[in-house]
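For reference, the chains in residue letters:
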Amino acid sequence: MSITVAASSRFNWLPRFGRGPFPLYAGATIIAFWVIVALLTPWIAPYDPITQDLSQTLQPPSLAHLLGTDNFGRDVLSRIMWSSRIDLQMGIIGVVFPFMIGTIVGSLAGYFGGWVDAVFMRILDVVLAFPFLVLMLSIISILQPGLISFYIAIALVGWVSYARLIRAQVLVLKNSDFVIAGKSLGFSHLRLMFKHILPNSITASIVFSMSDVVLVVLAGSSISYLGLGVQPPTAEWGVMIAEGQNFISSAWWMTTFPGLALVLMAFGFSLLADGLGEKLGVRE
Amino acid sequence: MHRFRFILFRPLQLIPVLFGISVITFILVRAIPGDPARILLGTKSTPEAIARIREQYGLDEPIWLQYLYFIKNLLRGEMGKSILYKSQVLHLVGDRIMPTLNLVIYSVILALVIAVPLAAIAATKRGRIADHIIRLVSTAGLGFPAFWLGIMLIILFSIKLDLLPVSGYGSSFSDQLHHLILPSLTVALALSAIIIRSLRAGMIAEAASDYVQAARAKGLPESSIFWRHVLPNSIVPTINLLAINIGWLIGGTVVIETVFSIPGIGQLLIRAIFTRDYMVVQAVSLVFAVATVAINFVSDILSVAIDPRIKL
Numbered sequence: 001m002s003i004t005v006a007a008s009s010r011f012n013w014l015p016r017f018g019r020g021p022f023p024l025y026a027g028a029t030i031i032a033f034w035v036i037v038a039l040l041t042p043w044i045a046p047y048d049p050i051t052q053d054l055s056q057t058l059q060p061p062s063l064a065h066l067l068g069t070d071n072f073g074r075d076v077l078s079r080i081m082w083s084s085r086i087d088l089q090m091g092i093i094g095v096v097f098p099f100m101i102g103t104i105v106g107s108l109a110g111y112f113g114g115w116v117d118a119v120f121m122r123i124l125d126v127v128l129a130f131p132f133l134v135l136m137l138s139i140i141s142i143l144q145p146g147l148i149s150f151y152i153a154i155a156l157v158g159w160v161s162y163a164r165l166i167r168a169q170v171l172v173l174k175n176s177d178f179v180i181a182g183k184s185l186g187f188s189h190l191r192l193m194f195k196h197i198l199p200n201s202i203t204a205s206i207v208f209s210m211s212d213v214v215l216v217v218l219a220g221s222s223i224s225y226l227g228l229g230v231q232p233p234t235a236e237w238g239v240m241i242a243e244g245q246n247f248i249s250s251a252w253w254m255t256t257f258p259g260l261a262l263v264l265m266a267f268g269f270s271l272l273a274d275g276l277g278e279k280l281g282v283r284e
Numbered sequence: 001m002h003r004f005r006f007i008l009f010r011p012l013q014l015i016p017v018l019f020g021i022s023v024i025t026f027i028l029v030r031a032i033p034g035d036p037a038r039i040l041l042g043t044k045s046t047p048e049a050i051a052r053i054r055e056q057y058g059l060d061e062p063i064w065l066q067y068l069y070f071i072k073n074l075l076r077g078e079m080g081k082s083i084l085y086k087s088q089v090l091h092l093v094g095d096r097i098m099p100t101l102n103l104v105i106y107s108v109i110l111a112l113v114i115a116v117p118l119a120a121i122a123a124t125k126r127g128r129i130a131d132h133i134i135r136l137v138s139t140a141g142l143g144f145p146a147f148w149l150g151i152m153l154i155i156l157f158s159i160k161l162d163l164l165p166v167s168g169y170g171s172s173f174s175d176q177l178h179h180l181i182l183p184s185l186t187v188a189l190a191l192s193a194i195i196i197r198s199l200r201a202g203m204i205a206e207a208a209s210d211y212v213q214a215a216r217a218k219g220l221p222e223s224s225i226f227w228r229h230v231l232p233n234s235i236v237p238t239i240n241l242l243a244i245n246i247g248w249l250i251g252g253t254v255v256i257e258t259v260f261s262i263p264g265i266g267q268l269l270i271r272a273i274f275t276r277d278y279m280v281v282q283a284v285s286l287v288f289a290v291a292t293v294a295i296n297f298v299s300d301i302l303s304v305a306i307d308p309r310i311k312l
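Residue numbers (full-length UniProt numbering), protein chains in the order written: chain A, 1 to 284; chain B, 1 to 312.
Here chain A stands alone, though its shape is the one from the complex (with noise of 0.2 angstroms):
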């Protein structure tokens, strides 16, 4: 085996994967694609995703039934393009609200330093030492099953990184020339925080949202799936593979092709962050 510092420039005609702009174009794509599915599906999808259909039953994949139909006769192409309005939107949701708090910490944390520093990293060491979701099922088990405590659950346990992010940031940028320019000619603690050091100081923020995305997702159907977060009849992908689970030895169709539309989602956004870390110079 021989250990090559330098890249071999052999193969350069392959899509170089992880450089350039083809993860983040192929990132984008698939993205777009679910983005479209998603606004589109009321009037797309060939289906309703809930009304059962009980002479249709565990019907394998056929040209009526593309993807085949569950154990109440509705059709799994159908559930699939309405989950994926839920499965955005829990990523968007799960993403927004734990960047927010995160970026407000983290700007607090770095900028006065001192004993407000102290006292939220220890909080933030204390989240860090639950296991994530072990944390956001026992406070969904305090609230009640249900997308929206997956919501509250996910913005008090999720902000710990970008609280990390920002700070670590911020600490070396709160002692660059334009802010101390900006001291000098007496702006107010607020807009030095916000107008001048947070632009320059979220990027790596932007980027790890993007993979952020992926956790989040994942975690929302998983708990979706444990019978904790969206509930049934409503499609999301994690609950259809619940369901499925029962009919693994007679209707493969049922499980198989929700996870596989999850893995495409994911996938999308993990190639959107490789991409656009690539492109921004964010290294995770």
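Hints were generated in silico from the structure; no laboratory data involved. A hint or two may mislead.
Unchecked claim - Short derived list, chain B residues pointing at chain A, Cβ under 7 angstroms: (1) Val17; (2) Gly20; (3) Ile21; (4) Phe144; (5) Phe147; (6) Gly251; (7) Val255; (8) Phe288; (9) Val293.
We put the beta carbon where it would ideally sit given N, CA and C, even for glycine.
Starting from the structure of chain A, add chain B where the hints point.
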């Protein structure tokens, strides 16, 4: 001397974290609306039992005193009784810890067996087609929901090929091993996707360092450079990487225990949430959090003890 002081004083840093964990698990149950005594005992509780639990947990006292009662009970190994199982929750956790522990251990071993060679291939064939494929597959693997992957493996190995059991645990050691192959493989595949990328990056950085250049300059064959120098030096970062991901790993086993009906702590947690058995939820989250902290602590100490290059 520095090193000695580190090992001596590092445990002190755990105190605030452990304090925080106890506060959060304490709040967890107190945050539920309603009378805590009824919540802890379930709806069908007798007035005497309620009076007893009020006294044991100091429920009529101010909140900070209630916390001290909670800690006092905790130090005596009492975390209350399960409503569903009618026994001490810590005994329940103790009875179910082995399946979870086995699942975690087998998963880590399998993950290393899968990830280390693949990362080594990707690092040594950097920029070649093998590297591209391994990176593509591991990026795609990041998005694989573990519960779905588990079901796909069941369909393949248990239903189509009829090689392995669909679910359950088994009684004898070999039977348990047999039952845990698919669950461990599921967790290991998901974990490999996470660790391959950092492992590859670590090996590439290691391969670019001065001592590798020196080894090459003195004419050591590439294979022994890799086996004798690069690989052993990548081990400490790998241990750290596994420790950092232990929280993820525990979360993964919670879900996988449900997929494969393994009677571990994860399954206990999920059932407890459904039955509103809050004492069990509290105990399990406490145990998982303390385990996470302990594993990270041991990994810190180990890497300082093993690798003299780590700066303190």
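Here is how each hint holds up against the structure:
1. Given hint, B:Val17 at the interface with chain A, holds; its Cβ is 5 angstroms from that chain's nearest Cβ, closer than 7 angstroms.
2. Using the Cβ-Cβ criterion of 7 angstroms, the hint placing B:Gly20 at the interface with chain A is satisfied: the shortest such distance is roughly 3 angstroms.
3. Taking 7 angstroms as the C-beta contact cut-off toward chain A, the hint placing B:Ile21 at the interface holds, the least distance being around 6 angstroms.
4. This hint holds: B:Phe144 has a C-beta 6 angstroms from the nearest C-beta of chain A, less than the 7 angstroms allowed.
5. For B:Phe147, the suggested interface contact is upheld, since its CB lies about 5 angstroms from the closest CB of chain A, less than 7 angstroms.
6. Nearest Cβ of chain A to the Cβ of B:Gly251: about 3 angstroms, under the 7 angstroms cut. The hint holds.
7. Because the beta carbon of B:Val255 sits about 5 angstroms from the nearest beta carbon in chain A, less than 7 angstroms, this interface hint is met.
8. For the restraint placing B:Phe288 at the interface with chain A, the shortest Cβ-Cβ distance is roughly 5 angstroms, inside the 7 angstroms limit, so the hint holds.
9. Checking B:Val293 against chain A by beta carbon gives a least distance of about 5 angstroms; that is within 7 angstroms, so the hint holds.
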